[in-house]
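Please build the complex by placing chain B with the ligands on the supplied structure of chain A, with the hints as guidance.
One-letter residues, chain by chain:
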Amino acid sequence: MDQAALAHEIAGRHLDRIGGPITALREVAAEFGYIERAHMEGVADAFNLTVAEVRGIVGFYSDLNTEPRGRTHIRICQAEACQSVGARELTAAAVARFGAGLGETAADGSVSLEAVYCLGLCTSGPAATVDDRIIVRATPEALAP
Amino acid sequence: MTVAKVPRETLANALGADGIAAELAARGHDVVRTGSLGLCWAEPLVEIDGIAYGPVQDIAHLDAARIGPTDEIPALSRQHRLVFDRCGRVDPFDYDPTPIRAHLQRQPADILAEIEASGLRGRGGAGFPAHIKWRTVHDTPSDRKYVVVNADEGDSGTFADRLIMEGDPFRLIEGVLIAGHAIGADTGVVYLRSEYPLAAEIFSEAIDTARGMGLLETFHIELFVGAGAYICGEETSLLESLEGKRGEIRAKPPVPAVAGLFGRPTLVHNVITLCAVPGILEHGGAAYAELGVGRSTGTMTFQLAGNVERGGLIELPFGVALRELIEDWGGGTRTGRDVGAVQVGGPLGAYLTGAQLDTPMTYEALAAIGAGVGHGGIVVFDDTIDLVRQAHYAFAFCAHESCGKCTPCRIGAVRGKETVEALIASERPEVELAIIADLCDVMEQASLCQMGGMTPIPVRSALGLPQGGD
Ligand SMILES: Cc1cc2nc3c(=O)[nH]c(=O)nc-3n(C[C@H](O)[C@H](O)[C@H](O)COP(=O)(O)O)c2cc1C
Ligand code: SF4
Ligand code: FES
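Residue numbers (my numbering), protein chains in the order written: chain A, 1 to 145; chain B, 1001 to 1470.
Worth flagging that the hints you see were computed from the coordinates, not collected in a lab. In this text, all values refer to a predicted model and were calculated from it rather than measured experimentally. Warning: the hint list may mix true and false statements.
Pairwise CB distance ranges (calculated) [stated by the list, open to error]:
#, chain 1, residue 1, chain 2, residue 2, range
1, B, Asp1058, A, Glu9, 33 to 41 Å
2, B, Arg1106, A, Val95, 55 to 63 Å
3, B, Gly1214, A, Tyr34, 39 to 47 Å
4, A, Pro140, B, Ala1064, 23 to 31 Å
5, B, Pro1074, A, Asn48, 54 to 62 Å
6, A, Asp132, B, Glu1282, 37 to 45 Å
7, A, Phe32, B, Ala1026, 49 to 57 Å
8, B, Asp1049, A, Gly33, 19 to 27 Å
9, B, Thr1384, A, Ser110, 46 to 54 Å
10, B, Glu1430, A, Val95, 44 to 52 Å
11, B, Ala1446, A, Pro140, 39 to 47 Å
12, B, Ala1113, A, Asp131, 49 to 57 Å
For glycine and all other residues, C-beta sits at the position ideal for the given N, C-alpha and C.
One chain only, chain A, in its complex shape (with noise of 0.2 Å):
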């Protein structure tokens, strides 16, 4: 099957649920690591929506990525209660060991960072996550793949 037809197959499982578009693409994104004009074309073709509509839900939301990831993503919380607690730092320090910026992926695609607001364990910063993996009071090394 090609990518359209793929993401044609997950968006039907979703055709009735309530923010079923949204869902599909999350899913798509899920199951290919990103999502590319094909799964759009896919997902628009079984909401009966158009091309443009499914890039605009796409470029709205963060979780709907239109890049490949590093083989690990990091998230690093940059909201106000992981800065009081240094994660402006902390990011700073990941920023250079990974060689990858907010939003990038190392050159090699071993890592990709990416900012996050918020991951409700405020009272325990800075917080991280490592694919799956959650990380409070994080360090640069804690950080590593």
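What follows is chain B with the ligands alone, placed relative to chain A:
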């Protein structure tokens, strides 16, 4: 066999609670996975035969982490827990549906009267009286009505929605069922942010359990997980998102209570607002209204976060002084330095300093100093805070999260950010400050929603500009 309670909760899990639970089970304890007690500073907090230990690093050296009998921990016994009474105490899935069945036997008119008597106001931010929305939805004729739960909890410094959905998901289901019964809705939709995967897992399990108990025979509850957008916490943006679209703000009127999800009358409430409802029916609206101060009735789930020694969830009647929360409950800053500033009510809340910290935590007292309760988040900074940098962040956050529908916010936030940068480099800061003051007035008065409309609050407070200019 001894009973060991170990939280199944995101923070405790990040600190090793799953492993601790497995080890305690291997040692022959009868392990019960509870929610968190909200004493986040003590996580992972383990309770063995009524004695609390925390933070537990190594179960071979439990005694080093002994706190004492759970019922006698002052940080818990001095709270007034109506919403969080069960959370952390019990296995949430060991659930007795008898009380909710009784509540659902009551007449809608009777329930509406209790909510009105309670004086309950929304805990999502705006503090709007709940009963007015309930009555509007109730009185608006429609083939279908909805209860929508706002679990988008985007404010930095807040985690009450997460804690209750992980630790007592049935409390939320009860609130939704009671509200649905009272207003005549048959569907409830929970909008949960994607940053909370464990809450999604536990809440889904709770929906299944409730269905198995026969609680959802005439009412449908659906969980929707968001896709990363702070603005979707605003109720009309949230409704657009639930309809599968970009989360662009809708102009009001019509308010969602008249025309909300798919154009139908919709009761939108924050998680904690709905979680207060079962307690109000149990104890009576009048008893609830006796707690708190004036029109700030009942308890508030304050969340103490940031640079603070003992952060966590503190449920108390409205009226406690901010300073008491930070110093007595929180033990001052984590770094041991003086408090520099405190941001109350999330990213759209004011930075408070000095004598402002003596303000009682009520809607009215905070409004009087140009601040707000918001969702109850309190973020402490020590005296190394750079307030100009925080003003820059407030504009940058607004620029990042703006839905783009109106110009004052879409353009204003970017210009604001640039002007703060110019201010930092400026030889004559009064020039830039005047521009920022002007820009704040425009954003406050001309933005379509409170994202652009309230960004001036943190900006002005951080830069020492007066609030609410006109
Ligand atoms: C930018 C913005 C973000 C918001 N985020 C949230 C949120 O995350 N959770 C929430 O309950 N309310 C949030 N609100 C408030 C909602 O618009 C709405 O007032 C609330 O859900 C109503 O519920 P309540 O009456 O129980 O407070 C936000 C408002 C704005 C302007
Ligand atoms: S104030 Fe900002 S978020 Fe609100 S409608 Fe305008 S552009 Fe959208
Ligand atoms: S502000 Fe970083 S987890 Fe909440």
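Outcome of the hint check:
Checked against the given bound of 33 to 41 Å, the beta carbons of Asp1058 of chain B and Glu9 of chain A, roughly 48 Å apart, lie outside it. One distance hint, 55 to 63 Å for the beta-carbon pair Arg1106 of chain B and Val95 of chain A, holds here, with the actual separation near 57 Å. In this structure, Gly1214 of chain B and Tyr34 of chain A meet the distance hint of 39 to 47 Å, their C-beta atoms being roughly 43 Å apart. The supplied range of 23 to 31 Å is met by Pro140 of chain A and Ala1064 of chain B, whose beta-carbon atoms lie about 29 Å from each other.
The hinted window of 54 to 62 Å between Pro1074 of chain B and Asn48 of chain A holds, with their beta carbons roughly 60 Å apart. Remark: the range hint 37 to 45 Å for Asp132 of chain A to Glu1282 of chain B is upheld by a beta-carbon distance near 39 Å. For Phe32 of chain A and Ala1026 of chain B, the Cβ-Cβ distance of about 40 Å falls outside the hinted range of 49 to 57 Å, so the restraint is violated. Distance hint check: the CB atoms of Asp1049 of chain B and Gly33 of chain A are about 48 Å apart, inconsistent with the given range 19 to 27 Å.
Distance hint check: the CB atoms of Thr1384 of chain B and Ser110 of chain A are about 33 Å apart, inconsistent with the given range 46 to 54 Å. Range check, Glu1430 of chain B to Val95 of chain A: Cβ separation about 35 Å, and the 44 to 52 Å hint is violated. Range check, Ala1446 of chain B to Pro140 of chain A: about 43 Å between beta-carbon atoms, so the 39 to 47 Å window is met. Range check, Ala1113 of chain B to Asp131 of chain A: Cβ separation about 51 Å, and the 49 to 57 Å hint holds.
Of the numbered hints stated above, those contradicted by the structure are hints 1, 7, 8, 9, 10, listed in ascending order.
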